[in-house]
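Student: Sequence:
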Amino acid sequence: MSEPEFDGYTGPAQVTVGERTVTTAVQLTGNFEPISGRYLWRGRVRGLTEILGTEVPDKTTLTITTPDRSGDARVTGLDLWGSHLVEGTTQPPFEHT
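Numbering follows the working numbering, with no gaps: position 70 of the sequence shown is 1514.
Everything labelled a hint here was simulated from the structure, so no lab data went into it.
None of the values given here were measured: they were computed from a predicted structure.
Be a bit skeptical, because a hint or two may be false.
Said to hold, decoys possible - Have a look at the derived ranges for each label pair, beta carbon to beta carbon:
1. F1476 <-> P1501: 25 to 31 Å
2. F1476 <-> T1498: 17 to 23 Å
3. E1499 <-> P1478: 17 to 23 Å
To be verified - Capping the alpha-carbon separation at 20 Å, the derived lysine to aspartate or glutamate pairs in DMTMM-like fashion look like this:
4. K1503 <-> E1531
5. K1503 <-> D1523
6. K1503 <-> D1451
7. K1503 <-> D1516
Ideal Cβ placement from N, Cα and C applies to all residues, glycine included.
Build out the structure end to end from the sequences listed, making use of the hints.
Tutor: Written out as structure tokens, the structure is:
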């Protein structure tokens, strides 16, 4: 039995918030949502507040650039470990099926 294909990206990425661009670890995934007919993506950006030295509030727009491409996202909150949760607002910054 083969494993299901992973639609997403885990690894280093450049994250741009306002005029600042930093490199940090991201974990992104997505899926096609048949009800809306759109591909939705979301994930985590690790250590962003520590790297930037300033808080990044909910609803902040940021750009995530992976080796494949770039995509815009909106911060939707923090997880228990302090990583920023994001939700995509454009095409994802990774190849998807």
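Student: Hints first: check each against the structure and report whether it holds.
Tutor: Against the structure, the hints:
For the pair F1476 and P1501, the supplied restraint of 25 to 31 Å holds, since their beta-carbon distance comes to about 30 Å. Distance hint check: the CB atoms of F1476 and T1498 are about 36 Å apart, inconsistent with the given range 17 to 23 Å. Between E1499 and P1478 the beta carbon distance is about 37 Å. The supplied range of 17 to 23 Å is therefore violated. At roughly 10 Å between alpha-carbon atoms, K1503 and E1531 fall within 20 Å of each other, so this suggested pair holds.
Straight-line distance between C-alpha atoms of K1503 and D1523 comes to about 15 Å, which keeps the hinted pair within the 20 Å bound. Simply put, K1503 and D1451 have alpha-carbon atoms about 24 Å apart, too far for the 20 Å limit, and the pair is violated. Of the pairs offered as hints, the one joining K1503 and D1516 holds, with about 12 Å between alpha carbons and a cut-off of 20 Å not exceeded.
This entry does not satisfy hints 2, 3, 6, going by the numbered hints stated previously.
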